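As they're listed, the protein sequences go chains A and B. Take the first sequence: its position 186, counted from the start at 1, is 337 in my numbering, and no numbers get skipped. Take the second sequence: its position 8, counted from the start at 1, is 28 in my numbering, and no numbers get skipped.
Hint data in this document are derived by calculation from the structure and do not stem from the laboratory. Where hints are given, some of them may not hold.
What the hints assert, rightly or not - Simulated restraints, written as ranges between beta carbons of each label pair:
1. B:Ala268 x A:Thr243: 31 to 39 Å
2. A:Gln402 x B:Ala313: 51 to 59 Å
3. B:Thr405 x A:Asp160: 46 to 54 Å
4. B:Ala313 x A:Val442: 52 to 60 Å
5. A:Ala396 x B:Thr411: 54 to 62 Å
6. A:Asn271 x B:Arg41: 58 to 66 Å
7. B:Ser306 x A:Asp239: 36 to 44 Å
8. B:Ala125 x A:Thr243: 39 to 47 Å
9. A:Met247 x B:Glu118: 34 to 42 Å
10. A:Asp159 x B:Arg425: 23 to 31 Å
11. B:Ser306 x A:Asp164: 34 to 42 Å
12. A:Thr439 x B:Gly181: 57 to 65 Å
13. A:Leu407 x B:Ser205: 37 to 45 Å
14. B:Leu182 x A:Gln402: 48 to 56 Å
As the list claims (entries may be wrong) - Quick partial rundown of chain B residues pointing at chain A, CB under 10 Å, derived from the structure:
15. Thr289
16. Asp336
17. Pro338
The structure presented is a predicted model; accordingly, all values stated were derived computationally and were not measured. No residue lacks a Cβ here, since even glycine has one placed at the ideal position from N, Cα and C.
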Amino acid sequence: MKHLLAVDDLGRDGIVEVLQLADSFVEVAQRANPKVPALRGRTVATLFFEDSTRTRVSFETAAKRLSADVLSFAAGSSSVKKGESLRDTVETIEAMGIDAVIVRHSSSGAPFQVANWVTNSSVINAGDGWHEHPTQALLDLYTVRQVVGDESMECFDGLQVAIVGDIRHSRVARSQVAAYSALGAEVTLVAPATLLPPSLEGWPIAGTSHDFDDVLAKAAVVSLLRVQAERGSAGFVPSLREYTAGYGLTQRRAALLRPEAIVLHPGPMVRGVEIASEVADLASAHMTRQVSNGVAIRMAVLFLLLGQGSIAGIRGGRAHEDHPVMDHEDLGHVQVDHEDMGHERVVHEDMGHEPEGQKNAEPSDMHYEEIDG
Amino acid sequence: MAEPTFVITGGTVIDATGDRRADVLVYDGFIREVAAGLDVPLGATVLDADGCVVAPGLVDLHTHLREPGREEAETVETGTRAAALGGYTAVVAMPNTEPPLDTAAAVRQVLELGRSASAEVAVAGAITVGRSGERLAPMAELADLGVRLFTDDGAGVQSAGLMRKAFEYARGIGVTLAQHCEDGSLACDGAMHEGAWSSRLGLPGTPAAAEEVMVARDITLSRLSGAPVHFLHLSTAASIDLVRRAKADGLAVTAEAAPHHFTLTDAETAGYDPVFKVNPPLRPQSDVDAVRAGLADGTIDAIATDHAPHTPETKDLPFDQAPPGMLGLETALALAITQLELPLARVLALLSWQPAAIAGLAEDHGGPIVAGAVANLCVIDPTETWTVDATALASRSRNTPYAGRTLTGRARHTVLRGTPTVFEYEAQR
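Here chain A stands alone, though its shape is the one from the complex (with noise of 0.2 Å):
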């Protein structure tokens, strides 16, 4: 895979794929020095023409973690407002001899044009317009994951996934729908039927509702979007308050949501419309948890689209005699780059890291059977 522009570039496979590199990465963010060197000497570059610093420093970090040079590109303050065109500036960035560009763009499909313009670089679909943010989504199935405790994919198969809110204008909605349902869950769409796409044919979802108390009964996960009131969504109904009473998760609503069910917003949440003030903990408890798992997530798709080692090659000793390119040495001795690290020293074996309780520092190849387990 040379690109990801979409959910479907993975499938399933792929998906699963990403997932369990994460395991790994996640591992690793929780060491003292959470940096790898699997990416050293690669340059990645990230040119967000729409502002998201949550998006973008997720993606930086991700990159620097891997040992990647970070390219920072704000459209904001670059060319672009001098009148260069998107692909002038993609073709410029490219000459600065990159590996990767991981684009934001407020137009949809902006990263596929990307992707046709670059010669070498991957690209990486950082959030287009109305159409996919799969980092994002890949993210909500790590967590829901990890919540749910489960090694394998299996707790997919059948899982009830209820995405409610402006469906139509969210990218992340269509990421959610492809993703969730190429692990065998079942996805309803709540949402007023002015917030539904006009046309939902093809889609692999269970169906679409009105009636969000009906649908909170048997969900597992909830999927809360924001109500976009800067892409116009608030025209769509006749009234914040009328949306909220119809498709907000109340406190009244919370109380139906079983007890196991995992509710998760792409944030930030606009508290008193989506979701309840009162309720709001009740996502942000995850928010957390997707945040630093949107890191591993990323790492695991730079890794993949530019790492020359495999996933038995991060997760484990035993992989180095299949896979010498991903050699114990990728995980185990870091040099920091104290430019990127802000601290100027240089590790020249992991130094340790560790959860908390685990304070001996240990040799490298430790590590893997640690992380192996």
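Given chain A, work out where chain B should sit, using these hints.
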């Protein structure tokens, strides 16, 4: 100075009266003789038409020549050269130029440029001042310059009340209003057809209803005012049904369809390539089939290209920001011959004499090929196979959705007022 003498030899003549094997002698701008086995006079040029069809020159009801104002995309010179290569001897220049063709001065400028062009240039005037849909343009003054069609093309006249006045005024001066049917409040900022593909791609869509409600409205207003109406680039099944019924009711309604609407569907948009962005948008197969049926049963009177050049720097934008429009003049004939599965005489009716009548150009274009007629002709090789090379088109722009496609059928020679503008597939001006 007399125009050169030449003989078109060995072809089959097809016009509104039928078909026959005949050579055509052209002298001083007019057809002098039409008969089999004509002698070639001393010094006359031969235009070989062996295996070819000799037809009245094609007439495009819908060409954006972009001059004045957007000469980097197209000029009268380059646009008519493309037209001639496509077999056209006349084009109707749309008024959405900069400034728009809503004044006598602007219309005169385009007509003047057309005098030395590779095809006759007729002008469609704007219905409203600045095409802004607020008050009527000086239609009578423009009609005095020869303008026979009026349209705000690029947009429909949104106000039903103003459109009623326009119809009544047009009837009084004997001109035809042509509507770009698109209700702005339904179309919103649609970048493509609203449906399965737009929903999947996350692009704002224009529903078919945006076209249909204005077709229905204008049929009603045409009936009310007694004025004829011509519908530009119809693209949906329901629009075509409305026209079919209006014609059955005996109303003075005509309609055109564009080649891309009978050859391409909205599935082409899947890769977000803005070359497939056009207005009205590419529609699903069911609408494409309805356009083809409308062309076959006579509901649609003309194939019109909606030739809409855009420079790469304006067209190569994110899909929702790119301007709509695609080139059409050099590919329309081949697409009509091969894609419609209609007899060639029917195809030529749709491309030549029927649009000539709608445009008010029938005196000099599209008429029967007989002695005494103005020599506006094209010689078509219906079996010539060629590959569309966007960089080799005569248009200044490159935005053809058919780049790389191999098509069959091409104008071999085109004759404008007795002078070849295209000879052996090569432009002469």
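A quick look at each hint next to the structure:
For B:Ala268 paired with A:Thr243, a C-beta distance near 60 Å fails the hint of 31 to 39 Å. The hinted range of 51 to 59 Å is satisfied by A:Gln402 and B:Ala313, whose Cβ atoms lie roughly 57 Å apart. Distance hint check: the CB atoms of B:Thr405 and A:Asp160 are about 37 Å apart, inconsistent with the given range 46 to 54 Å. The hinted range of 52 to 60 Å is satisfied by B:Ala313 and A:Val442, whose Cβ atoms lie roughly 56 Å apart.
In this structure, A:Ala396 and B:Thr411 meet the distance hint of 54 to 62 Å, their C-beta atoms being roughly 59 Å apart. The given range of 58 to 66 Å is respected by A:Asn271 and B:Arg41, whose C-beta atoms sit roughly 60 Å from each other. At roughly 40 Å, the beta carbons of B:Ser306 and A:Asp239 sit within the given window of 36 to 44 Å. Between B:Ala125 and A:Thr243 the C-beta distance comes to about 44 Å, which sits within the given range of 39 to 47 Å.
Separation of A:Met247 from B:Glu118 is about 38 Å and conforms to the stated range, judged on CB atoms against 34 to 42 Å. Evaluation of the 23 to 31 Å hint for A:Asp159 and B:Arg425 yields a pass: the beta carbon distance comes to about 27 Å. In this structure the hint that B:Ser306 and A:Asp164 lie 34 to 42 Å apart at CB holds, the actual value being about 35 Å. Roughly 59 Å separates the CB atoms of A:Thr439 and B:Gly181, a value that falls within the hinted 57 to 65 Å.
Taking 37 to 45 Å as the suggested C-beta distance range, the pair A:Leu407 and B:Ser205 conforms, at roughly 39 Å. In this structure the hint that B:Leu182 and A:Gln402 lie 48 to 56 Å apart at CB holds, the actual value being about 53 Å. The restraint placing B:Thr289 at the interface with chain A holds, with a minimum CB-CB distance near 9 Å, inside the 10 Å limit. Interface restraint check: B:Asp336 against chain A, minimum CB-CB distance 6 Å, threshold 10 Å, status holds.
This hint holds: B:Pro338 has a C-beta 3 Å from the nearest C-beta of chain A, less than the 10 Å allowed.
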